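J.: Got chain A; can you put chain B on it based on the hints?
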Amino acid sequence: MNDDYLTLKEQLGNLFFLIKTLFRVNKRLFFIRFPLIVLQTVSSIMTIWFMKLILNEIAGGIDVKYVILLSALMAGAAFFVNLISRIISAFDKKESVKTEYRLKLILADAIMSLPYRYAVEPRTLNFLEMAKKENSFSTVLSSVSDFIASIITAITYAAVIISINPIILILIILNVGLDGILLRKKAKKDYKQENEMFPVYRKLWALLNVLDKKEYGKEVRINRLKDWAVEKGRKQSRKALEFEKKGTKLDVFFAGAQELAGNILNAATYLILAFLFIFRNLLIGDFTYGLNCMLNLSGNIKGVISGWNTLLNHGLFSRGFRYCINLSETNKASEDNNAKCNLEDIKDFSIEFRNVCFTYPGSKTAALKNICFKIEDGETLSLVGVNGSGKTTLVMLICRFYEPDEGEILLGGMPINKIPYQTYCKFLGVSFQNNRFFSGTIAENIAFGDKFDVNKVKECLEISGLTEKINTLPDGILSTLGREFDENGTDFSGGEKQKLSISRAVYSEPKIMIFDEPTAALDPIAEYEIISNLRKATEKNTSIIISHRLSSAKASDKIAVLSEGELCEFGTHAELYEKEDGIYRQLFRAQSQYYK
Amino acid sequence: MTKVIHFIKNIIYMLSYTWREAKNIYGFTFLKIIIDTASPFLSLLFPKLILDEMTTERRWERVAFFIFLMFAVQLLISILQKLWTYAYVVSTTNTLLNQNVHFKKIYADMDLENLEDGAVDEKIWFVREGFNVEDFILNKVGGFITAVMQLAGYVYIISSLHPLISVALLSVLIFSMLLTRYRNKWDIAYSKKTARHQRLFSYFFALMTEKEFSQDIRLNGASKYLKTKYKKAAEEYIKVYSKNQKRGIFLDTVGGIIGALQTVVTYGYSAYMVALGKITVGSFTVYIGAVSGFMSAASGLLSNIQSFFVSSKYVSAYKEIKPLSIPFYEGGEKTPVGDRDFFNEIVFDHVYFKYRGSDTWALEDICLTIRKGERLSIVGYNGAGKSTLIKLLCKLYCPTSGKILLDGRDINTIEHNRYVDMLSVIFQDYALFPMSLRDNIGLNFNVSDEQIMDAIEKNQLSEKFKTLTKGLETEYSREFDDEGAEFSGGEKQKIASARAYCKNASIVILDEPTAALDPLSEDAMYRRFDQIIGERTAVYITHRLASVKFCDKIAVLEQGKVVEYGTHAALMGIKGLYYEMFEKQSEYYRESKGE
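The listed protein sequences derive, respectively, from chains A and B. Per the numbering used here, residue 1 is the first one in the first sequence, and the count goes up by one each step. Per the numbering used here, residue 597 is the first one in the second sequence, and the count goes up by one each step.
No lab work stands behind these hints, which were simulated from the structure alone. Be a bit skeptical, because a hint or two may be false.
As the list claims (entries may be wrong) - Covered by chain B, according to a simulated footprint, are these stretches of chain A (three or more residues, beta-carbon under 8 Å):
| hint | region |
| --- | --- |
| 1 | 61-70 |
| 2 | 90-104 |
| 3 | 116-128 |
| 4 | 226-240 |
| 5 | 260-269 |
| 6 | 432-443 |
| 7 | 518-529 |
Since we're looking at a predicted model, the values are computed, not measured. Virtual Cβ for every residue (Gly too), placed ideally from N, Cα, C.
Bound-form chain A, shown alone (with noise of 0.2 Å):
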């Protein structure tokens, strides 16, 4: 990731970008804000205010009624401004809370939307990444409010204080300015450190997760990997220390510098305002009150600065959300344009692949070298040919998770990125080899959707072959899959749950059928079963099958064998297995033999 410090307009244009979209996600927030800010710059100003009048009427002739009185109005005053704070700040967490998961609705929204390539392209992920380490993007409105409530406050003070002795701001101003050059310094390394960092810990927590992650929990137990896959975190960790030294050093060197020049700026107040006491008739309340204004002022206008950092900040790390929504909003607006076309005009559901080349980004080899082929509306096609050959690639193209190089592909005539990709999907059900299953009912995980139609839903887990499995579950398809949120949920073994992919691919009726390796985990009279049902499900349908059992090859209408990226034969099974030397015939006769 190439990753050099930001200039300013960038970091602000992130930071504006963050604040619109808060304000865009939830309004009321903002306007719970303002009073917030209001009581904080009263609240800090009253205090020492009364402070001065009180110590003022102690140094003149003190009238003890009238110190009990101010007494009493400060205290109440505090009061009062504390309680009303207290309630409006409980309305403000709670609708802090609120805009955090909409705002996270919005990224995970973003990323949904984005083009498969995009997705999971490695800039992206990094960006992602960045943005999920966000972990409270309502504390910018936080920053925000914060800062402008204390520029607020330091204006109020500042005016107190040129009324004492304008040399004092002078030497306040001077030392904010050493503050902010200090600190712009310090921001700029901290982002350098933090980028090289990162990776470091990532790895660092990805050597510890082997430990507690449940994938990893029988490799761990049986090979003994607990004190291995220690040592090699610590080792790890050992490089992370580097870091830490360094970014500790940086830190304590920047504090140290900023209280140097903060004790000064004190000493010399004190100085000054000694002297005007002395020698030129300064009252002994207003002493103190130029003291605390100063030493208040000084405070806040640091806080107005590390305020304004923090804010600068946000814009640095929100860059990651930036990225993300801007790249998913050009993305939509550039597939409104060219995904139009008239979905008449596709004249029936064959599938063409003409002259088509494709490379994986960032790869030196063709995935794909010049594939054409043909099959008609209703044909099955298998896919055949040694791992690695393409023929995995060849489907991530039908989904249009990546684009040809060049050629193109036809769905019934029409180039399919001329359909609107939505549109598209739905003509599609696909299984791959590793389906993702979530933590909610069965039905959900084949439907993804909480209304879904029973009788549809059962008869796709008959097609499958689950209906026996779901009619041992108490809740039937209403049963939890995985036990992440629901004790009483059901674990499928790695058969069952290819088996629930399937369902899942044809529940939605599409037009044309895709299966990757639909039976290597199946036991063979499921498979059987689950072949035949399969070729009644797709009779009608265009489908694709990539499966190593070339009994199902068999029963295609076509069988395209891929090697190293090229079609080298296209077919029936009986054109094929005619050929003395062809591979198809080569890869038949492997697994054939045994079965004598």
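T.: Same frame as chain A, now just chain B:
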């Protein structure tokens, strides 16, 4: 009374735990306490000296002197604090990492059944939030001592004004303490309630943004549905959250009123004393400062004490989960296994097994013998119990009843490590690690690079290996290294089998190892089985009945029971379940053989 004892026990537990784990943090905390206690008093002292000099003698030189002294002391404290910070980070980064690792080790040690249980995960998640060594020592213990010492100092100062004021302040303190204890109860219940909701909507957020799910989401148009699920979970969370907020306000109000009253009294009385000439103006500011210092130290102490109650709850929860890290086979005298290759047979002796929370038997009355050097194949429908049987053999689960015997000895009573060292396993859902290829194949087996290269060759990875520019150092995935490699499904499986090959254990267990291999690779694999397994014992789960012919014996499982057992020829003769499966699978191949 028992509650108090329980609380004290928990705090003592935490103290000894943190002392064991992080002595260095205690050292640093001690230093911090000194600095933190001294500095507020110094900042009260100097203004008093300066003000007093100004309001009495009005000597400019003395005033300037005090100002410079104040500056010097502030500088000194600042430097000390910076040095402390740096030394702290250098010294404790490791300590803190250890703490994280400590919890992860609990996961790594516990039974597989617990690892897979969401309820257990939730419990541990809860504990991790609050069982924090650094926070306990620095903030809780350190904060406690600092606050107490500061309070003592302030009480001393304030009492010189009038002893009753200290008493009044102390009673305000106690009253607030009771208030916050009440509030504390709610906070704990709240965080337990929200843990689940947070997990849920984090889960869906992760699902929507994870790479692995992106294909499914697009193909099934699932984004709308997932967003709905996410929204629902988040809304539940917010409901609970806002309920808790409202409660806090009432309690704060009561506390605020008391505080206001006390301010009035202090100011009034101090002004009165100045009027009587009993104290100087400088002292006035000290007393005011001391009272406000007292109140903030007091409220700090209150929340500090409250946090100890919270800690106690977390300690209790921690004590609950600690026993989870003890696997089922731990405990009792363990007999040694002997030489790794030395065993004659493993017997399943009327083994029954049920998964946690399940009503049906996954395995029923399994009686099976695996003889040394024998190749046993286990076949059956999906869900028949084949993988479960293997997992029991691997001591990943414990039989509900019945025993598994190694040469007559229950495997739960023999040295666990030596037992699992006897097993080389490739599971259906094997896992590869975010490490180099060398590490993924060689794991912790202490094998040389030559042995790894041999494993690569024997498992048909040589071709792929030639394309790797970094050779054995190649990272398994591209996530952390742009030059990492991507491996296809089949290649991954070959890495897993190279791993099993390297372990060189006396029993090889294969759970459907060739599912993702193309016919040619599969064929080559069968041909090598003789080589790979050699003289060793093998247990082999598969659906590819053709490969079963390489095995000596076949066991057929149906609904958790062994229904047929024997050689291929014998079972074909029975014309039972095995016969049916074999016929079905070979149907297509045999027809065409005639062409």
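J.: Does each hint fit the structure? Answer for all of them.
T.: Here is how each hint holds up against the structure:
no., hint, result
1, 61-70, "holds (count 5)"
2, 90-104, "holds (count 7)"
3, 116-128, "holds (count 6)"
4, 226-240, "holds (count 10)"
5, 260-269, "holds (count 5)"
6, 432-443, "holds (count 8)"
7, 518-529, "holds (count 9)"
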